[in-house]
Each structure stands twice: as C-alpha cells, then as structure tokens.
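2 protein chains.
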Amino acid sequence: MTFKGYADPDYGAVLSPDDLPKKWYNIVPDLPEPLAPMLDSHTLKPVGPKQFERLFPKELVRQQFSKERWFDIPQEVWEAYRTLPRPTPLVRARRLEKFLGTPAKIFYKAEQFSPVGSMKPNTALAQAYYAKKQGLELAVSETGAGQWGSALAMSCARFQLKARIYMVRVSAQQKPGRKILMETYGAEVLESPSENTETGRKLLAENPNHPGSLGIAISEAIEDTLAQQEARYLLASAFNYALAHQTIMGLEAQKQFELMDLVPDMMCGCIGGGSNYSGFIYPFVREKLRGRIETEFVACEPTAVPSTTRGRFTYDYADAAEHTPLVKMYSIGHSTPNPPIHAGGLRFHGKAPSLSLLIHLGVVKSVAFPQTKVFEAAKMFAQTEGVIPAPESAHGLRYAIDEAIRCRKTGEKKVIAFNNCGHGLLDLSAYDEYNKGKLVDWEPPEIQLFEYLRK
Amino acid sequence: MTFKGYADPDYGAVLSPDDLPKKWYNIVPDLPEPLAPMLDSHTLKPVGPKQFERLFPKELVRQQFSKERWFDIPQEVWEAYRTLPRPTPLVRARRLEKFLGTPAKIFYKAEQFSPVGSMKPNTALAQAYYAKKQGLELAVSETGAGQWGSALAMSCARFQLKARIYMVRVSAQQKPGRKILMETYGAEVLESPSENTETGRKLLAENPNHPGSLGIAISEAIEDTLAQQEARYLLASAFNYALAHQTIMGLEAQKQFELMDLVPDMMCGCIGGGSNYSGFIYPFVREKLRGRIETEFVACEPTAVPSTTRGRFTYDYADAAEHTPLVKMYSIGHSTPNPPIHAGGLRFHGKAPSLSLLIHLGVVKSVAFPQTKVFEAAKMFAQTEGVIPAPESAHGLRYAIDEAIRCRKTGEKKVIAFNNCGHGLLDLSAYDEYNKGKLVDWEPPEIQLFEYLRK
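Residue numbers (the numbering used here), protein chains in the order written: chain A, 505 to 959; chain B, 505 to 959.
Treat each hint with caution, since some may be false.
Listed below are the simulated DSS-like cross-link pairs for lysine-lysine, each with C-alpha atoms no more than 27 angstroms apart in a straight line [stated by the list, open to error]: (1) A:Lys666 to B:Lys883; (2) A:Lys679 to B:Lys940; (3) A:Lys637 to B:Lys883; (4) A:Lys636 to B:Lys562; (5) A:Lys869 to A:Lys759; (6) B:Lys759 to B:Lys637; (7) A:Lys602 to B:Lys883; (8) A:Lys526 to B:Lys602; (9) A:Lys913 to A:Lys602; (10) A:Lys940 to B:Lys679; (11) A:Lys883 to B:Lys666; (12) A:Lys942 to B:Lys571; (13) A:Lys940 to B:Lys666; (14) A:Lys759 to A:Lys918; (15) A:Lys527 to A:Lys554; (16) B:Lys636 to A:Lys883; (17) A:Lys679 to B:Lys942; (18) A:Lys636 to B:Lys602; (19) B:Lys942 to A:Lys666; (20) B:Lys883 to B:Lys913; (21) B:Lys792 to B:Lys877; (22) B:Lys679 to A:Lys942; (23) A:Lys602 to B:Lys666; (24) B:Lys602 to A:Lys666; (25) B:Lys940 to A:Lys666; (26) B:Lys679 to A:Lys883; (27) A:Lys883 to B:Lys637; (28) B:Lys602 to A:Lys637; (29) A:Lys679 to B:Lys679; (30) B:Lys562 to B:Lys666; (31) B:Lys637 to A:Lys602; (32) B:Lys562 to B:Lys637; (33) A:Lys602 to B:Lys636; (34) B:Lys679 to A:Lys666; (35) A:Lys913 to A:Lys883; (36) B:Lys571 to B:Lys666; (37) A:Lys526 to A:Lys832; (38) A:Lys877 to B:Lys883; (39) A:Lys679 to B:Lys883; (40) B:Lys679 to B:Lys883.
Bear in mind the hints are in silico, worked out from the structure with no lab data behind them.
Computed from a predicted model, the values in this text were never measured in an experiment.
Take the sequences, apply the hints, and build the full model.
Here you go:
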C-alpha cells in the first residue's frame, strides 16, 4: 500500500509511517566552532569516553563523543517510535491565527500524542534499548515532576529492563500523577531522599521528613548506579546523544514543510535542558549554516530560570551536587535556587553545550517569559485549537503568538513554527491557579555563579 | 498530494486526512425490528419530535426520529474532526499478543488521541455545531466524572457557544482535573446542587453540603434549559443521533480493515450509554445483518452496573429524576444505586435503545467484568503497548485479552478488535489503588425495577 504523505498548507502535513526517518542527526560536526571539552573538576583536564562508561551505556558514550553526522536508528527503536505513534503531525493552527487576526501562518509539531504526553520517549526509548542490548539489567535515573521518569518507565517496560527512579519527595507527594504512571509501567519509584543510598540515609537521619531536591535525587541515582555492576544511569537531556535522538522531530518537520512547499521563517520552542528545542530545529540549523535557508531561531525560557538571557556562557557543573564534570554552557550557576514555576521541565540551571554555543554565536536567539504571560498564551491555544499545552511548551507558543501579532502590524505573511512538546493534562492544577487569577510571577533569581567561574 | 492510506497487517492502518468519511451511519432503518417508540410517562402515548424541540436542537431531533441511513457530516464538523485529529489509527497490539503467546491478531482503534482524551468529541462537536447554527447561545448539560463535560466545553469553545455544565459536587471536589479542563476551555461549571435552579436551592436549603448526584445534575440542567429561550440541552449518549455521530469510528475502522484485507472475527468494547461501542460496531453490524460478514460482537459492562447481563429489556426512565419519557431498553432500573466504580462513564442504569434491541435479538452478546479484572488487563496493556487505557475502555480490552487467551488454547488465528475509547491519564488515582492492592470489587446492586415495569 503506497502512501506518499498528505500535505495541505491550510491543514498541515502528515507523513506515512514508512516516512519515519531512519537516522538521527548529530549537529556536532556541523557546528561553526568545536565544542569545548568537558573537564574533570579536580584536574581541569578533558574527560574522555572511558571515564563515562561505568555510568552510561557504551553506545551512548560513543555517540556523545562522536563526530559522525548521522546515527542509524536501530530497527527496534524505529519500530517503537512508530507505536508512539510517530511520525507526529505538523498542524496548522488556523483558528489561533484567525483569533489573532494575523496574516502569518502558524504551524506546530504535535508531540503531545505520545502515551506519556511528551516528546521524552524519543530519547528514552533509544537509551533503554542500548542499555538492554549491552546486557544491562537496571536503568537508574531521577525525576522532578516526573516527565522524564514516566517516559523512561514506559521505555524500560518496552525493552524489559528494570527501572529505578528517584523522585524528589515533595514532587511525589504534591503531584502524585506521574509517580503512579511510572509504577503502572512497572518501575520502582523511590521518594528521595531514600533509605537506599548513603546520601539518602544521611539526610533522613538529620530530617526524617526531608523534602528532597533534584540535586539530591541525582546524587542518589549516581551512587546507586555505581554500586551495581549491571546498572547504568540514563539521562533526559543536555548530552549530545539525547539531542541527536530528539532530531527525529526536526527531520520529520523538514519533510513536512517540504511536502507543503514551505520554509519556516521562524522556529521557536522552550528550553529546559535543551533537547526538545534542539531536536526540533537542528536539521534546519544545518541548512541555515549551509546558507540554504534564512530561518530565524528563537529559544524560549522562563524569566525565573534565565540561563541564556541572564546567565553566562562558561564552565559549570551540570548538577547541583557537583558530581559531574565541568561543562561549557550557558548557566545561571548550579547553586542558584530555582523558583517553583509550574514548568518543572524548565527548572534547569544550565543548557545543552551545543545549543549554548549556537546562542553564544548568535545563530539562535533567546527570550524569556514570566509564567502568567505563558499561561495566557496556553489558554488562548486551548480555546482556539482545543489542545491544552504543557506549561513548558507554552513558552514557545507565547513567542509564536507574539510574532504573529507583530505580523498583524507589519502585514508580513511569515511562516511560524513551534514545537508543542507535550500536553498539560497532568498539569491542570497550574491552569486552575491561572483561571482563578492566583498564578504569580517570580522575580529572576539572584544568580550565584560557581566560584570556579569567577576566577 | 495524494495519499492512499497506509496499511500493514503487522502494524495496523492509518488513513489519509482526506479519507475521513463524509457521512454518519444511522442504523435505525437497518434494524431487524423497528425501535419501540418513546412513551410519555403520564399518557403512555408515543412522544413525537415536536415535544423534544424545546429541549434539544432541531437538527438533532430530526436525526433522532429519522429513518435515513446516512446523515451528511457538515463541512465545519468534518474540519473539526480532522483537528482532533481524525482519522485515528487502527493499531496492531503485537507486543500484547506476544506477551499472551496467542496466535490471534489484536487490533485497537486509538481514540485516546483527542485533546480531552476520549471519543466524546465525535458527537459533542456535532451537537455544538447544530446548536450554534440554529442561532442558540447556550449549551447546558451535566457531567459526572467530567468526560462528557470536557468534550462539550471544548466543542462549544470551537463553535463559540457558551457552555454551562452542572457537575456533581462530590465528583468536582474529589476529581478536580476535568473541572479545571472545562473551565480552561471557557465553560461555566456549577457544582450541583447549585443556587442556580429551584431544584438546587431546595436541596441546599435542606443540606448546604449536599454531595449531589447525576440525577440531580440532570434535573438542574433541564430546568435551566427550559428557563431560557436561547438554551438547549446537549446529551452525551443513548440517543440515536449520538450513536450515529460516533459511527465515524466504525466507518474509519471498516476502511482500515479493508486496506489490510482483513475482516474482524470479533469486535468488543465497553458500554455505558452505548454510543462508544455502537459507534465502533454499527457499520460492521450492518454488513453482518446483510449476510456479508460473520463478525461476532461482544459488549462489555461492569458487574457493578449489569444493565444487559442482569437487567431487563423493558420500558424505563432514562434518568433517575424521572424527567424523561419512557424508553424501551435494557435497564437495571433508574432508581437502582450505582456502586462507585472507577469507570464513571459506565455508571448508567440503561443502555441505548438500538443497542439494547440488538442484544435482545442476539445480534450482539454481552458480558460483565469486576473492576479488579479490568485493571489487571489495563496494566498488562500499559506494560506491553505503553498506553494507559481509560478504566472504561479497559472493559473491552479485558474481553479481547480473554478471547486471545482462548485462541492460545484452540490455536485459532482470530482477528480481534476493541475500541480504546480513551486514555486513563486523568484516572491515575484508580491505577494507584490497583497498584497498591487496594482496589475492591462491588457486589452487583440489588435491582430495583421501576414500578411501571412490574405491571
């Protein structure tokens, strides 16, 4: 049965299941400057692949250090993608355009359809597959609000790998939904701090009701991984391989725009660790760097966690607990406190090195929004397009709307695209606060740069 | 751009957006016996269309009494369907098959992708459209757990119709998610009993903390509708037109099976009011009644609300408050209490008249399951296929699994299909109870048949 894809600029584009790309794109060899190496925090010498293999699956370490442009998607992962399902549609938001009275065309990549409601399985499935293929038995990770944890739990169930996830205690108690989701997929979820690690036991001895933090959960996950030969630590974002896996979205979007005979004038999306937005734009960034398109790229972050708009492009730890090597990236400092905004997935102090470099070089711009403006956009989208966006993805949506409003004033018929990286059905309490006028904006934090950085 | 649909018996089938059917199927003219008329409960005389027009939009009343086989889908509704998006995939559950070790092929219609997570918008969009087209201003309805209310709120936002929804107070307080969803779409949600109607005020005077019930919410919605010239009452299920609108699912499934060159040997699904399952099977029932296929049909209900397995095929009120005409259907009696099972959408005492007749005539069989067996199936599906089914749709899944297990024993390579009419992401507390071994089964209720029925 042939299927050539369906495209209509008034409607959007849908690819055939057989049009799903068979390779991921790795931007590393195409970057205008080489990535700065990660440094050992004690010796300040570059860290090589060998030092990572005790913590991460081998193939992921290989991809992390690889300068190859394309990685083959293993057949098993490709089949798993199709059941998410992928390819996802690229949808024209015509009712939103009409509401805004804009001559611009707004498209969004509909990543909200995965079973866990976000784009996270794009890399979780690959990571679980490689861990299983290596003969490992246990995937260990941490999760805050639970987006990553639930994607990982689903992916481990698929490849019959055990999963143990340290979930920040206060998140597990306040937002139990995703904890239940992980457990339903069969994962073991430990509220962190836990009795399972030395780190956790020490903290619980001091305070049996310790609320936990993402930094503590990372420490526990790493300690647990290192204590077991057959365990590896699987990480949501920021690393080159996670970004490469997420390019499945951008590669699909590229085919979809081609089918419609359109080129996006502007592409925006939210940045937490950076894998969502990078995955969406990198195939287009490649074309721009080759001089083939003129697309403008705008990364959107919360004003409460302004890594790229108020932070510095410098070396910092990737985690609050100072376990990781030093990474060159945009950061507001690994010990800067993060206000409790509802977009939990954007509460990361740093950003992916390759994306940070592209922002530093001006290839990608960045902007920041307070959460009330973000939820205003989200509700507008719900009432026009019917879809409840995740608080995270609504950051990109906010910029798309602002750009469309500018087009109303200038008369420009720009083609605007944003990545709707998830739905908000497990974030409804945040919408409730907004609906009731109780949502508050947080002041940007006082930035505490790591001492090393001040030298 | 041509698109002929994609089909692969190992994977499933996906239709092009342009393959979306343009007509709904109305089974009424094809039923083996005429439907018994609805009767006025005072005069016991048949009720005609005129008596419904004050309560329901005219076009819906016309469809309710129509003997036409096909209803044109208005262009605006057809376009709205495409954005849900429709057509939805028909997916092969290969990992579930493998887990069960069955030679059977299991397919499911993936209705969980709509923005509200269920198939309810298939009729909500049509009803909101007809109300708006008639020049009405307000849609009024009631909702228990909120599946119907959220679909209606979304649909009213789309067609710029005001929506007022009476939500059972205890549901609104215990499961706030869908209430927030409705409000985010811009609907007015009143906890019932409310101060807005005489019925509500009377009950609140007796007990200011009255928990409410679906019967009370219906009474309030009807009273409110009748008090306002420009308001109409929009109803989720059971009526012929709601079933017809839902056949969009079965019509798509028919094309999808044809593309794969397969005929389902058995089709199952859950029944609450009956619109979900009827919408899935009626196009196939037509073929069976014409002698063209041999498909077996099995409707699945909870043992706690055993309308068709322990109830009677007779006249009863369609609501607990005795506002409606008498309807000939399977019922456990409109005053029989409903145990608080988690599949809130299946807590209806009666079943759609056409489906009831088909069960009565043996064209469709029915079975009942206790909820622990249903959640066992749901969790098996989550861990193999990755998808968290709604507690309602897991009733159909349970039967599909049991049939697949029988095939393992007999060696039959049956083609099994069930309708996954929604996801369970807003029902996670039920999964939590199941995961923790706390889920209980309810005894079948003591059936209290309406006095009229005993004559």
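To see whether the hints hold, each was checked on the structure:
1. A:Lys666 to B:Lys883: OK: Lys666 (chain A) and Lys883 (chain B) at ~16 angstroms, within 27 angstroms.
2. A:Lys679 to B:Lys940: Within the cut-off at roughly 17 angstroms; holds.
3. A:Lys637 to B:Lys883: holds, 25 angstroms
4. A:Lys636 to B:Lys562: This hinted pair is violated, its Cα atoms lying about 60 angstroms apart.
5. A:Lys869 to A:Lys759: Holds, at roughly 24 angstroms.
6. B:Lys759 to B:Lys637: violated, 31 angstroms
7. A:Lys602 to B:Lys883: Distance ~42 angstroms between Lys602 (chain A) and Lys883 (chain B) Cα, so the pair is violated.
8. A:Lys526 to B:Lys602: Roughly 25 angstroms separates the two Cα atoms, so the pair holds.
9. A:Lys913 to A:Lys602: holds, 14 angstroms
10. A:Lys940 to B:Lys679: holds, 17 angstroms
11. A:Lys883 to B:Lys666: Given pair Lys883 (chain A), Lys666 (chain B) holds - Cα atoms ~16 angstroms apart, limit 27 angstroms.
12. A:Lys942 to B:Lys571: violated, 52 angstroms
13. A:Lys940 to B:Lys666: holds, 19 angstroms
14. A:Lys759 to A:Lys918: Since the Cα atoms of Lys759 (chain A) and Lys918 (chain A) sit roughly 19 angstroms apart, the hinted pair holds (cutoff 27 angstroms).
15. A:Lys527 to A:Lys554: holds, 25 angstroms
16. B:Lys636 to A:Lys883: At roughly 22 angstroms apart (the allowed maximum being 27 angstroms), Lys883 (chain A) and Lys636 (chain B) satisfy the hint.
17. A:Lys679 to B:Lys942: holds, 20 angstroms
18. A:Lys636 to B:Lys602: holds, 18 angstroms
19. B:Lys942 to A:Lys666: holds, 24 angstroms
20. B:Lys883 to B:Lys913: Distance of about 23 angstroms is within 27 angstroms: holds.
21. B:Lys792 to B:Lys877: violated, 30 angstroms
22. B:Lys679 to A:Lys942: holds, 20 angstroms
23. A:Lys602 to B:Lys666: Cα-Cα ~19 angstroms, so holds.
24. B:Lys602 to A:Lys666: holds, 19 angstroms
25. B:Lys940 to A:Lys666: Holds - the C-alpha atoms of Lys666 (chain A) and Lys940 (chain B) are around 19 angstroms apart, at most 27 angstroms.
26. B:Lys679 to A:Lys883: Measuring from Cα to Cα gives roughly 21 angstroms; hence the hint holds.
27. A:Lys883 to B:Lys637: holds, 25 angstroms
28. B:Lys602 to A:Lys637: Holds, because 19 angstroms separates the two Cα atoms, which is no more than 27 angstroms.
29. A:Lys679 to B:Lys679: Distance of about 14 angstroms is within 27 angstroms: holds.
30. B:Lys562 to B:Lys666: holds, 18 angstroms
31. B:Lys637 to A:Lys602: holds, 19 angstroms
32. B:Lys562 to B:Lys637: Holds, at roughly 10 angstroms.
33. A:Lys602 to B:Lys636: This hinted pair holds, its Cα atoms lying about 19 angstroms apart.
34. B:Lys679 to A:Lys666: violated, 32 angstroms
35. A:Lys913 to A:Lys883: With a Cα-Cα distance of about 23 angstroms, the restraint between Lys913 (chain A) and Lys883 (chain A) holds, given a limit of 27 angstroms.
36. B:Lys571 to B:Lys666: violated, 31 angstroms
37. A:Lys526 to A:Lys832: Not OK: Lys526 (chain A) and Lys832 (chain A) at ~31 angstroms, beyond 27 angstroms, violated.
38. A:Lys877 to B:Lys883: violated, 39 angstroms
39. A:Lys679 to B:Lys883: Roughly 21 angstroms separates the two Cα atoms, so the pair holds.
40. B:Lys679 to B:Lys883: holds, 21 angstroms
Checked against the numbered hints given earlier, this structure breaks hints 4, 6, 7, 12, 21, 34, 36, 37, 38; the rest are met.
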